[in-house]
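Asker: Sequence:
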Amino acid sequence: MAYLMGIDVGTSGTKTLLINDNGDVVASAMSEYPMYTPRPLWAEQDPEDWWRAAILTIRQVLQQSGIDPSEIAGIGLTGQMHGLVMLDADGEVLRPCILWNDQRTAAQCDWIMNTVGRERFLDLTLNRALPGFTAPKIVWMRDNEPELYAKAAKVLLPKDYLRYRLTGVYATEVSDASGTVLLDVQNRRWSEEVLSALEIPTEWMPECVESIVITGTVTPQVAEATGLKAGTPVVGGGGDQAASAVGTGVVEPGLVSVTMGTSGVVFAYTDSPSRDPEGRLHTFCHAVPDKWHVMGVTLSAGGSFRWFRDTLGASERAVAHLSHVDPYVILTSEAQQAPAGSEGLLFLPYLTGERTPYADPDARGAFVGLTLRHDKRHMVRSVLEGVAYSLRDCVELFRDLNVPIQQVRAVGGGARSDVWRQIMADVFGTEMVTINVTDSTAYGAALLAGVGSNVYGSVPEACQASIRITDRIEPIAANQSIYNEYYPVYRTLYHALEPAFSSISATDQGNA
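Numbering follows the working numbering, with no gaps: position 86 of the sequence shown is 86.
Among the hints, erroneous ones may be present.
Pair by pair, the computed Cβ-Cβ distance ranges are [as the list claims (entries may be wrong)]:
hint : residue 1 : residue 2 : range
1    : LEU372    : GLN464    : 51 to 57 angstroms
2    : ILE504    : ASN144    : 44 to 50 angstroms
3    : PRO146    : ILE504    : 28 to 34 angstroms
4    : ASP271    : PRO488    : 28 to 34 angstroms
5    : ASP400    : LEU372    : 36 to 42 angstroms
The set of hints was computed from the structure by calculation and includes no laboratory data.
Even glycine gets a Cβ: it sits at the ideal position worked out from N, Cα and C.
Using the sequences and the accompanying hints, generate a full structural model.
Answerer: As C-alpha cells, this is what we get:
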C-alpha cells in the first residue's frame, strides 16, 4: 500500500496529514505558532516557526502511523497564500513574513494599478492589486526597508519556503502564484510585463509549475531531521484554497465550496478563466492542470466568531471549561434561541478590513440595529448571519458571471456547526452539504501528491476515489424569506458607513 503526505502551513499552525491510497486518514498532527501584530492591521510570522512545526508534525505522524517512511509515495504542500518570504543570496530570511491579512500596503496597491494601468493590469493578472497580495508587499519593502530590499535575491510564498527547506529547490506552482498578482493567470506563467513595470527582477521569482509536478526530493539532511526517506518526491501542491477545493472535490463545474476558517472563502471551479469586470472576485489558476477558479473572500469569517468568543464570551468559556465542551457549541446553542434575522440586529464582519466585494483595508466591524430588546443570543446569531451575508456577496458575484451553482460544500471549522450551516443554506438559498474529509487543505495536498507520484491518474480520479457526501441541509423557506428581506439592508450598510471607516482609519494612523 502507498501512503501520501500533505503538509499545510496555516496561519495558526502547521498540520501534517498522512493518508493511504484508499483515501483513509492514517495519522495527523498539528503544531501552533504565534502571529505578530507590530502595528494595528499589520500581521507577520517567523518562517522558522513554520519549519520547526513541520519537523515536529512530520515526526509525530510517522510515529503515530508506524509505517516505513519508504512507503510514502509523495508529499504535497499547501498553506496560507500571499505571504512575502524574502530571502538573500544565501537563502536566509531577511525579515518576518508579511501575511495575507496584513493591511499596510494600500498606497502600494494604488501605485501598482496606476503604474501598469488598471485595465492592462486586470487583463494580465485577471485580478486587482489588493493589500493582502504579495506584489504590494514587495513594493512596500522597497519603499520602507531599502537596506533589506537591497539584499533581496528570492521571493517565496509560505508553503514554498517549506519546499525550499525540504528539498533545497526554489519553486512554486500556479494556484499559489496567482495570488502574487505577478502571474499571467490566463497563460499560467510569470508576467514579464508586470514584473518589468514594477521593477521586480525576474530572477527573484521561483520556477512556476503545475500543481501535480514533482519539484524536488527530500534531502539527506532533512531525512535525518524528520525521519522521512531521502529522495521522497515533493510535488507542487497548491495554495490553501485550491488545495482545499481538491480536498473537497470541487474539481468539476457546478460545485462550489465555502471554507469557514479564520477567513471565509467561496470557491467555484471554471473550465476557462472568467474575470469580474470590476475585479471584485479573484480569478486564479486551479490546482487541476489547465483549469481555473473564481474566489471571493471574507477576511474575518471564523475570525469574527472567535473575536466574539474571546471578547464577549467569558461566561460561555467558563461553562465550557467546567463541562468539558467546546465554547463554540454553547455559543451556537444560544444563537439557535434567537430568531432568523436576529430581530433586526445586523453585524458587519469587517474586523480586519475586507476583500470581497469591498477591497477596503479601512473597513471596520459594526453591530447595527441594537435595541434594548437584544441580548447576547441575538448578538451571537447576528455574527453568524453577518458572515453568511458577506459570503452571499461572493455567491451573488458568481451568479452575475453565470458560474453554475448546483451544490455548496461546507468545510473548515465553522462548517462543523449545524446551526451555522443552516444559516448559510437559508441565506444562500442553496443546499449545503458536508463531506467525509475534515482537514480538506492538507488532504487536498496529499491527493495532489498522489497524482504527481502516479498513485492516481488525475485529480478528478483522486477525488472520486476518496470523497463522499456525509450530510445535506436544505434551506428553510420561512427563514430564507426573512434573510431575503434583510440582505438588501445589509448591502446598504458598508456604503453608509464607509466615510466613517475612512475617518476612523485616518485618525488611528495619525495617533499611531
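Asker: Does each hint fit the structure? Answer for all of them.
Answerer: Cross-check of the supplied hints:
no., hint, verdict
1, LEU372 - GLN464: 51 to 57 angstroms, "holds (55 angstroms)"
2, ILE504 - ASN144: 44 to 50 angstroms, "violated (23 angstroms)"
3, PRO146 - ILE504: 28 to 34 angstroms, "holds (31 angstroms)"
4, ASP271 - PRO488: 28 to 34 angstroms, "holds (32 angstroms)"
5, ASP400 - LEU372: 36 to 42 angstroms, "holds (40 angstroms)"
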